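Protein sequence lines correspond, in order, to chains A and B.
Counting from 240, one number per residue, gives the positions in the first sequence under my numbering.
Counting from 175, one number per residue, gives the positions in the second sequence under my numbering.
Please note that the accuracy of each hint is not assured.
Subject to a maximum C-alpha distance of 27 Å in a straight line, what follows is the list of computed DSS-like cross-link-like pairs (lysine-lysine) [to be verified]: (1) B:216 - A:254; (2) B:274 - B:196; (3) A:296 - B:216; (4) A:296 - A:256; (5) B:216 - A:250; (6) A:250 - A:296; (7) B:196 - B:245; (8) A:250 - B:232.
Note that these hints are calculated values from the structure, not bench results.
Computed from a prediction, not measured in an experiment: that's the story for all the values here.
One-letter residues, chain by chain:
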Amino acid sequence: GAGVSQSPSNKVTEKGKDVELRCDPISGHTALYWYRQSLGQGLEFLIYFQGNSAPDKSGLPSDRFSAERTGGSVSTLTIQRTQQEDSAVYLCASSFTGTGGAHYGYTFGSGTRLTVV
Amino acid sequence: GENVEQHPSTLSVQEGDSAVIKCTYSDSASNYFPWYKQELGKRPQLIIDIRSNVGEKKDQRIAVTLNKTAKHFSLHITETQPEDSAVYFCALPPYSSASKIIFGSGTRLSIRP
């Protein structure tokens, strides 16, 4: 597609349930990021995928959070046993790697607004 | 490790005046410096960027300046308008595939009528 696509755009779930958020990056982009953004706050880094390398999971807040990227394209962020503090907008972004490994064309998806009730 | 500091965290200016937001970084290998604008309820979007081989780049009312010696780059908005109200983020993209992009903490810009 022309941009980074995220689904669903909105998700309301009950506390304790598991949720899956999907990100479809721009075709050809090898780098994919997940961020969390609470209302009025900055971008909280969660996880970073680059090609076939092992992902950088250093931003995941707890073991309830996990993510995978299949075939170097679509990524799924899973939150198990959701808590109210997980309520936020989850943003995905992708970029392509240029000569020497530099990243360009960094583009965000429109996000998934997660509400845990 | 790589780090970027963004100031101020909030900025209020009179409509028509100029606004300046500054980011300071620590990694001397960086060679690309983008700025993103995030309007309320929307995704961050790239508004301007600069590469290390130039010191300034302009796009209508927006400009970015880069001082590689001092390791800082700034966003300048002139003749501010109400639609400039947003949160602005600077970013420090990785220079290798092993590292990741780093965002500043954001500046909430408000334009007073």
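Verification of the supplied hints:
With a CA separation close to 26 Å, the supplied pair residue 216 of chain B and residue 254 of chain A stays within the 27 Å bound. With a C-alpha separation of about 21 Å, the suggested pairing of residue 274 of chain B with residue 196 of chain B holds against the 27 Å cut-off. Only pairs whose Cα atoms come within 27 Å are accepted, and residue 296 of chain A paired with residue 216 of chain B is accepted, the gap being roughly 25 Å. For the suggested pair residue 296 of chain A and residue 256 of chain A, the alpha carbons sit about 22 Å apart, so the restraint of at most 27 Å is met.
Annotation: proposed proximity of residue 216 of chain B to residue 250 of chain A holds, straight-line Cα distance about 16 Å (limit 27 Å). At roughly 23 Å between alpha-carbon atoms, residue 250 of chain A and residue 296 of chain A fall within 27 Å of each other, so this suggested pair holds. Between the alpha carbons of residue 196 of chain B and residue 245 of chain B the distance comes to roughly 11 Å, so the proposed pair stays at or under 27 Å and holds. Distance hint between residue 250 of chain A and residue 232 of chain B is unfulfilled; the C-alpha atoms sit about 40 Å from each other, more than 27 Å.
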